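There are 6 protein chains.
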Amino acid sequence: MRRRVLYIEPAVSQHVDSIKGYLSQFKGPETDLEVTCLTEGPRHLEYYSYGSLVVPKILKIIKEAEKENFDAAIIGCFYDPGLRESREIVEKLVVTAPAEASMHIAATLGQRFSIIMGRSKSIPLMRENVIKYGFQDHLASLLPIGMEVLDLQIDPEETKRRIVQAAEKAIEQDGAKVIILGCTHQFGFYKDLQDTLGVPVIDVALAAFHYAEFLVDLRNKHGWYFDKKTEYQSPPQEEIEAWNLSDLF
Amino acid sequence: MRRRVLYIEPAVSQHVDSIKGYLSQFKGPETDLEVTCLTEGPRHLEYYSYGSLVVPKILKIIKEAEKENFDAAIIGCFYDPGLRESREIVEKLVVTAPAEASMHIAATLGQRFSIIMGRSKSIPLMRENVIKYGFQDHLASLLPIGMEVLDLQIDPEETKRRIVQAAEKAIEQDGAKVIILGCTHQFGFYKDLQDTLGVPVIDVALAAFHYAEFLVDLRNKHGWYFDKKTEYQSPPQEEIEAWNLSDLF
Amino acid sequence: MRRRVLYIEPAVSQHVDSIKGYLSQFKGPETDLEVTCLTEGPRHLEYYSYGSLVVPKILKIIKEAEKENFDAAIIGCFYDPGLRESREIVEKLVVTAPAEASMHIAATLGQRFSIIMGRSKSIPLMRENVIKYGFQDHLASLLPIGMEVLDLQIDPEETKRRIVQAAEKAIEQDGAKVIILGCTHQFGFYKDLQDTLGVPVIDVALAAFHYAEFLVDLRNKHGWYFDKKTEYQSPPQEEIEAWNLSDLF
Amino acid sequence: MRRRVLYIEPAVSQHVDSIKGYLSQFKGPETDLEVTCLTEGPRHLEYYSYGSLVVPKILKIIKEAEKENFDAAIIGCFYDPGLRESREIVEKLVVTAPAEASMHIAATLGQRFSIIMGRSKSIPLMRENVIKYGFQDHLASLLPIGMEVLDLQIDPEETKRRIVQAAEKAIEQDGAKVIILGCTHQFGFYKDLQDTLGVPVIDVALAAFHYAEFLVDLRNKHGWYFDKKTEYQSPPQEEIEAWNLSDLF
Amino acid sequence: MRRRVLYIEPAVSQHVDSIKGYLSQFKGPETDLEVTCLTEGPRHLEYYSYGSLVVPKILKIIKEAEKENFDAAIIGCFYDPGLRESREIVEKLVVTAPAEASMHIAATLGQRFSIIMGRSKSIPLMRENVIKYGFQDHLASLLPIGMEVLDLQIDPEETKRRIVQAAEKAIEQDGAKVIILGCTHQFGFYKDLQDTLGVPVIDVALAAFHYAEFLVDLRNKHGWYFDKKTEYQSPPQEEIEAWNLSDLF
Amino acid sequence: MRRRVLYIEPAVSQHVDSIKGYLSQFKGPETDLEVTCLTEGPRHLEYYSYGSLVVPKILKIIKEAEKENFDAAIIGCFYDPGLRESREIVEKLVVTAPAEASMHIAATLGQRFSIIMGRSKSIPLMRENVIKYGFQDHLASLLPIGMEVLDLQIDPEETKRRIVQAAEKAIEQDGAKVIILGCTHQFGFYKDLQDTLGVPVIDVALAAFHYAEFLVDLRNKHGWYFDKKTEYQSPPQEEIEAWNLSDLF
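Residue numbers (this note's numbering), protein chains in the order written: chain L, 1 to 249; chain S, 1001 to 1249; chain R, 2001 to 2249; chain A, 3001 to 3249; chain G, 4001 to 4249; chain W, 5001 to 5249.
Any given hint could turn out to be false.
Said to hold, decoys possible - These stretches of chain W come out as covered by chain G in the derived footprint (C-beta under 8 Å, 3 or more residues):
#1 5049–5059
#2 5114–5126
Claimed, not checked - Each computed DSS-like pair below joins lysine-lysine, with the alpha-carbon atoms no more than 25 Å apart:
#3 W:Lys5027 <-> A:Lys3027
#4 G:Lys4132 <-> L:Lys132
#5 G:Lys4169 <-> A:Lys3169
#6 G:Lys4160 <-> L:Lys229
#7 G:Lys4067 <-> G:Lys4020
#8 W:Lys5121 <-> G:Lys4092
#9 A:Lys3092 <-> W:Lys5191
#10 S:Lys1121 <-> L:Lys228
Hint data in this document are derived by calculation from the structure and do not stem from the laboratory.
Note that the structure is a prediction, hence the values are computed from the model and not measured.
Backbone N, C-alpha and C fix where the C-beta goes; we use that ideal spot for every residue, glycine too.
Please work from the sequences and hints to get the whole structure.
Structural data, given as structure tokens:
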């Protein structure tokens, strides 16, 4: 039974092809992968307001993905924008995202993890998500490396150098047993870092990709799916029509 | 020094006039109040996805309100949709919302509060907001009364009867010292309920309104305003222009 | 409707006039302010035992204030001594205090705050109050500057220099978004510090003063007042008389 | 090495002799016990304000006890009034109290405990103490039996009947493994209740008495005593004299 | 790349064949499954002491499994006995267990879950594991159905009837969005229950099985494996030999 | 009434005599002390797997100790291995251990404590125990000094020098008011350290020893003993016989 997975860059992105190539190396034999991005809007989501702009656009893509019989969609940003909204409007599509996926994995591999990110601006929202997902006791620290998201791939060696510096602080002083690279734009760095640091280093795009495959299998085999009875109950079709929301739903 | 306050019904609403009349009874002598609502979109926000649809529309109104020299804007829904996004895009406008305001007040009046809402669908998001605002230890219980938001004002006596029943459970069994009416559509009921129950009953639209006046005074007198240095730092104008986000900002 | 507010220095104080002048600059047009202090007892409350000595004296002043038809009383010390005891013995007087007021304000302006105080002796009680009021998740750090309370106003420039040093540590390393000056004797410093630091800096005497005005308005307009049903239920008059406690009550 | 222990009824009490007889049955061979009470003031401490009135009187007794070379003093009320203030003004006297002592014991005997008390008025302060002492995760429930403190010994069978009813609820529904009788006026009931219920039932006066003996031994043998370096640092003698606080200290 | 998985019944068990048949229906195309059990010792682990007896036996099996080039081992009991000990003594074998696996899955599918178990004796250890894994905020309730572990499969209809009763209480009163069947001996029931209840019902043996497959893929593809640097560092070979522990390791 | 106490070194140990001599200096006049250790197995428990190997051996000693009418047994390792298992298999023997005992004492003497240990390998299990016992809010920090357990007594001056260095960091930066020497192999150091540091320094072997005496007295005088009704309910004799577990029990 094949799994059709859609990875959504929830911003205008130049990385669609590279992400596709990157993830495809690691996909299971039964997985088909497509990658898409937004055609207009912000190019990163480092501001709350940018994040809110893209959620309606993400929902359109999600709705379309369900119609096209995708099995899973990944919202490819570590803030997990629109995750619960997406789960609400679908009936069988699995939706997941990098922060959720990587924290579940990291908490399994060691007692505490640190998240390394570009700028300190991100800390309040990341901390909030850590708490929202219930991983507060697993959090060792949140460490910024003083770089803009869009600059992370410009000089990979410099980026890696700064991540190593932050990660060593996390491991030695904060008690981190696992490092999470808290931005999908840090993709591709984890292997080298893992060799250097000697602890698991989680690439969050990969984490979300494999978590999506895992959740699809659970759904297919056991019917384990998001609680549609109350928490993710879909809005009623009559309201959507009566209020002309159908453009979206 | 006058305070110009804009109350936003963040949905298509038929209550603009009644809300305006209702709040105006209680405004301070230096306060000017206007009430507005969305012109298209959902009529309530009982679904995550509805909530995300209205945030970009709220941001437009917020941006406009700042240009028109309002001092404060209230996002009039107990889910506080778009609160932090709004604070990010403004430079001097005070923005607040009912859940934040009423929890601060309730936690001052007694050790623990219960929140009474229409449907159990709302519980996960409300619990999340309680935790996000840090009031977890003050929460006695979250109690639904089995009514749709849009039905709360249809038969006020029935609504009040159900609220009393839930509130008595909250006070006697859950240890609530204060009752929060967890939906702006429960406006107008608190006085009667307070007389019946003998404990403070918070009308969340009024709570937000007075909290807005309070925060404006703090800003005007002392420059106490949201942290614009990192947490609510505004997105850079160059990005907004380069990426054609100016429709919104 | 005028608001009559009594600010109590809950110790023998030489700052009654300067506090009155200081707060009066910022009072609302409908507010009348009086300031008083103890006539005997300790001059600061840096010891638990000093704090307990003054509570009965505070209660006398509170009782008197209610008889004289004040609307609000502020217990002007960041330890909030006698706050709940005072709320218990009054029937309509609003009572508030600096720690409560400033933490509500700070938690509204940013995700986390740091409290800067004179000596490390104060930390256990301050931490306890942070937890008691439910702001544990909002606490970034508690930072002493190595000065006695009574010395804070002697060389204001030195005091400010040390506060800036501590606050910069709080902002850069501990993730503070808001600074609370955790002693009423730091009054008058916040504006300069705010300009220097670029984040909100809360003067706790001012915070309590405005919170008192706010709570009076809520009481006057909506009857929102401390839970007198159980938590702040007053002791019975018969007991007070039978046991000769009337000197106090 | 003998241990001289002073049990203080921190209110005007008619139970001095019966408490002395009661505790004496259980004292160690090296323990001398005296019991005292206040000579004026309230007869119970069910109100915050009553509690604050007696603390200065407790401190006088504590200071005197240290001068008379007592080894330990117990502040015999489950609210533990004046506990930390007392520890601050002494140099070698051990001071403990029923809530602290009984929670340490209960948390050792089973995962979670319930506290049974007279009236629901007590719940907020008891919950606060549970949190202050760090036993929040061990708390199964706080259950009132609808009786005034001074009535608990009037009809012991009725009191025990109500306690059994509450305790059975605690054990069966709330998951309590240990029952704490949350008022020193419930003294003498625990044995019968323990036989009936089949789980440990803690008499809090006895708990405090034995904890005092235990802490004296730790002090005598190892010098383990309250942190006098910062947390319980005593106020300076010069201040006490200069400010005429010597009546107390 | 095939995955060889060993499922260990960590007790003397008559269910080896039925578990193997049951799990095999759901295994991935690349998975080979073997099931084993203990040859002597207890038949269930409802007592702490039984649990401790089997851990050394589990470690032997684990060590053997690594030598035989299994990719993963599952310790098939909801108490997850010996989980961290096992991870410590292996170098590349993935080890997981039902409680860990099912809580990660349940927390992904809905905000809060309830765990349904045989007897209330199990509650303290289950609560402790919930906290240890960091899922405290996701726990709605722990509900026993009054049955011995070895009786759960005797009259499946009666067992299911009791589970439904407990689960309905969990969903309606405790706010559970997902039900975890907190014993591997409840295997086979989840599908019917899921149909009846309308929310996800997690079979914990299946959860562990799929989590094992997932973790093997993460290890194989990315080298993401338990932190062997400090937390799960293996004991040194010299010590094992010098102290004659080699029977085990 | 005499108290017979058995101190168990839960590993192969060369310190049996020195521990006996050390503890005997401090025993009460009614206490008889014996010290034993394992005859085969590991010499320290710095690995999870070592810890699990010794628990069945500890249980045998515990069972024997109950038969020989000891009043208390102490499991002399700061990880408290087998503590709850032991409590389950006994009917009247008091069992305690160093981590439990020392944290109760430390939390009584000051608001927060730091634990100083040999290696960072120990931190995850120690943190877990702190949380399990409910002392999370009392924990200031966990600080390793970079030494193997078996080396702690080799050069006592060097060990003490490193402890002082860590403790000063704990006191000045982390806010510790009490220091716990988190390994029984640090025995004998506390007095000097206490003199140097000026805060209470807890020797955890002594803490456990006195806590055992204390718990025996509570059992003898009041019948306060571990909850045998559910949490520590003993396994049924029929099962033990039927399954040939009698070698152990």
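Those earlier numbered hints the structure runs against, lowest number first: none
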